[in-house]
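> Once you've looked at the hints, dock chain B against the given chain A.
Those sequence lines, one after another, are chains A and B.
At position 25 of the first sequence (counting the first as 1) the number is 25 in my numbering, and the numbers step up by one without a gap.
At position 128 of the second sequence (counting the first as 1) the number is 128 in my numbering, and the numbers step up by one without a gap.
Hints were generated in silico from the structure; no laboratory data involved.
One or more of the hints may lead you astray.
[Stated by the list, open to error] Interface residues of chain A toward chain B, partial, derived using beta-carbon atoms under 8 Å:
| hint | residue |
| --- | --- |
| 1 | 56 |
| 2 | 67 |
| 3 | 316 |
[To be verified] A few chain A positions that, by computed beta-carbon distances, are all more than 12 Å from chain B:
| hint | residue |
| --- | --- |
| 4 | 74 |
| 5 | 141 |
| 6 | 178 |
| 7 | 209 |
| 8 | 393 |
| 9 | 416 |
[To be verified] Now the in silico label distances, taken between C-beta atoms and shown as ranges:
| hint | chain 1 | residue 1 | chain 2 | residue 2 | range |
| --- | --- | --- | --- | --- | --- |
| 10 | A | 212 | B | 120 | 23 to 31 Å |
| 11 | A | 76 | B | 90 | 20 to 28 Å |
| 12 | A | 329 | B | 90 | 21 to 29 Å |
| 13 | A | 414 | B | 86 | 53 to 61 Å |
| 14 | A | 56 | B | 149 | 49 to 57 Å |
| 15 | A | 338 | B | 59 | 44 to 52 Å |
| 16 | B | 90 | A | 267 | 35 to 43 Å |
| 17 | B | 55 | A | 231 | 52 to 60 Å |
| 18 | B | 55 | A | 212 | 49 to 57 Å |
| 19 | A | 208 | B | 55 | 40 to 48 Å |
| 20 | B | 84 | A | 267 | 22 to 30 Å |
| 21 | A | 51 | B | 86 | 49 to 57 Å |
| 22 | B | 82 | A | 231 | 54 to 62 Å |
Keep in mind that this is a model prediction, so the values were computed, not measured.
Built from N, CA and C at the ideal position, the CB exists for glycine as well.
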Amino acid sequence: MRAVIYLSILFWGSCVYSQNKEMLYDFTDLPQSLMSNPGADVNFNRHFGVPFLSQFHVNAGLRGASLHDVFADDGRSINEKIETTLNKLTSNDHLTLTQQLEVLNFGWKSKKYRDVYFSGGIYQELDLIGYFPKDFAVLAYQGNQDFLNQPFRFSNISASGELLMVYHFGYNKKVNKKLTFGARAKLYSSLLHARTARNSGTFTTVETPQGNNIYQHIVSNADVTLRTSGYAALRDISEDANAQQGKEIVNKLIGRALLGGNLGIGVDVGVTHKINEQLNLTGSINDLGVIFYTNDVETYRARGNYVFEGFETPIQFSGEESQNFLDELEEAIPLDTLSTSYITMRPLKLNGSIRYSFNKYDDGTCYSCIEGEDPPYLDALGVQLFMQFRPKRPQYAASLFYYKRLFNFLRTKVTYTIDDYSYYNLGFLLSTHIDKINFYISANNLLDYTNLAKARGTSVQLGFNIIM
Amino acid sequence: MMKTKKTYALLCLVCIALMSISCVKDVDFDQVEDIVLTPVFEVDFIFSRFDTNQFVDPDLDPSIIIPEVVVQDTLNYDLLGTDFVVDNLDRVELTFEFRNTIQRSFDFDFGFLNAGDQRIGPSFSITANAGNGPGTEPVVTTEVIVLDNATINILGDANRLVSSIRVQNVNSGLQGILELRSKGTYFINYEL
Chain A
1 MRAVIYLSIL
11 FWGSCVYSQN
21 KEMLYDFTDL
31 PQSLMSNPGA
41 DVNFNRHFGV
51 PFLSQFHVNA
61 GLRGASLHDV
71 FADDGRSINE
81 KIETTLNKLT
91 SNDHLTLTQQ
101 LEVLNFGWKS
111 KKYRDVYFSG
121 GIYQELDLIG
131 YFPKDFAVLA
141 YQGNQDFLNQ
151 PFRFSNISAS
161 GELLMVYHFG
171 YNKKVNKKLT
181 FGARAKLYSS
191 LLHARTARNS
201 GTFTTVETPQ
211 GNNIYQHIVS
221 NADVTLRTSG
231 YAALRDISED
241 ANAQQGKEIV
251 NKLIGRALLG
261 GNLGIGVDVG
271 VTHKINEQLN
281 LTGSINDLGV
291 IFYTNDVETY
301 RARGNYVFEG
311 FETPIQFSGE
321 ESQNFLDELE
331 EAIPLDTLST
341 SYITMRPLKL
351 NGSIRYSFNK
361 YDDGTCYSCI
371 EGEDPPYLDA
381 LGVQLFMQFR
391 PKRPQYAASL
401 FYYKRLFNFL
411 RTKVTYTIDD
421 YSYYNLGFLL
431 STHIDKINFY
441 ISANNLLDYT
451 NLAKARGTSV
461 QLGFNIIM
Chain B
1 MMKTKKTYAL
11 LCLVCIALMS
21 ISCVKDVDFD
31 QVEDIVLTPV
41 FEVDFIFSRF
51 DTNQFVDPDL
61 DPSIIIPEVV
71 VQDTLNYDLL
81 GTDFVVDNLD
91 RVELTFEFRN
101 TIQRSFDFDF
111 GFLNAGDQRI
121 GPSFSITANA
131 GNGPGTEPVV
141 TTEVIVLDNA
151 TINILGDANR
161 LVSSIRVQNV
171 NSGLQGILEL
181 RSKGTYFINY
191 EL
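Excised from the complex, chain A in its bound form (with noise of 0.2 Å):
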């Protein structure tokens, strides 16, 4: 039960946004741009990210309220505070955590065909979604006394969470001047993955003048699913007193980040289009694919009716055994326990945009520009829309940016975004180019910076590369 209550208040607390990445793509100077958008049109010889810190990305966010609701230092009594946040959330606001680590990152010009990027690497990813579980919140923080009648939703429980390794290889190829086309092949390895969603069913308290007695507490068509796999192995782990735990299993999440794991496979699609000299339309398909959960797997399935209407006694007509209530639930909505296979699909992202450039760069010196190349133009502006399928419906982010390259070393994006989350989120990327060595740092939600616990969520993404 506390640990439930703290998860629950972390839950409030730490803070998510989607997978949207809208500093980093299409910001073409840096490789990362190639992996939200394969077909990005990228003018490198060769990249090598730095391994381990070539793109550290976290990405944390709350829909519908912020730590600064539940733990303003206002005087309110906190008590007060969560029942109006409670009451103001509903089950469609959530918190989102991702997280990835690139250990690798490459690419290279192919030296045959020069119009030929290709890119590939490993990287690590945490995707956790949960929605807020309105229904069974108010259930357990104010009871069933104020809601007689009302039914309590088990659609209301949904999330999900995994962590994978991502295996990729990319092809980007300029197919003509003004068309880029770029495609990645994606191998997932799954370490560990929960979901649990379109749950159905309700539990309600009716009131009963003309019944048996005051009540029935009815379940009714009650069907909840847990899906989990690589849990149980660990489990099992955790439970043998004579393992060395901790060695065992961070060597077993070795082996399955080493392609040891639930294996899937995906692709990302991308093309960057110009209609003109000064305008570029692109658009992108992320993770359009499958995990095959075949090993480890363990889904949790309760499905059933129950109508109690407490004990009868000391009377009874139905001549029944009076039975132990647990039991008699227990058998009427039976927890399953299954090692069936499951196919989840991942998480499907979709990005667009428009841009404008213009000021080019030209003083004759060629001072901006890389060799044998166009003088690049110094500042663009433009839009972009990102859209994120998840276990509900899906997320939507739209954002306006403008591009400007101060210097041939220091480059800069800023935009300003609108999704679920806020209206007024404004986001500074910063990524210095001096000599072959690149570093980037990009965050969003710059307003809140000054009081994080106003902030209903925050992206951070840096790296370092070699860029040649």
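Okay, now just chain B, sitting in the frame of chain A:
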């Protein structure tokens, strides 16, 4: 070049400033200690229905008076037995509602047994008022019994509920129904 370096330095400063001002303020996480969950749960308790026909043979000569009819029952009941309940249940209000059309009053008693079938804690008695005969509006008797925290602690070992209903001077001419409905209102006080 001088200018670019200055700009670069400025931008770095902005960056550092941004990071240093990014903090969490005006919040007090120690408030976690003050969180109290006080849900109130309404749960059915026991119910019963006493129909005179079931206890007195209607063919019996009405002049024969049965001095006392007692029905007693025990059932498994360990809702108060878990640590969570004993530690965090502030009080329980048991509400009983009798609806009687039988022209006799009834004595209802209940109490709790431990695993060794020993009575623990107090016994409780309620008298249901006599009714006005079949076909009349039932006479309603309502009573609330409060189990306070001290009593709940004593009842922590209870795992059976024993109850009985007692009526005196019954004959076959006595008609009607006694209904018992009840609920428990559980006041939880859970401090983190």
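> Checked against the structure, which of the hints given earlier come out wrong?
Of the numbered hints given earlier, those the structure breaks are 1, 4, 5, 7, 15, 16, 18, 19, 20, 22, listed in rising order.
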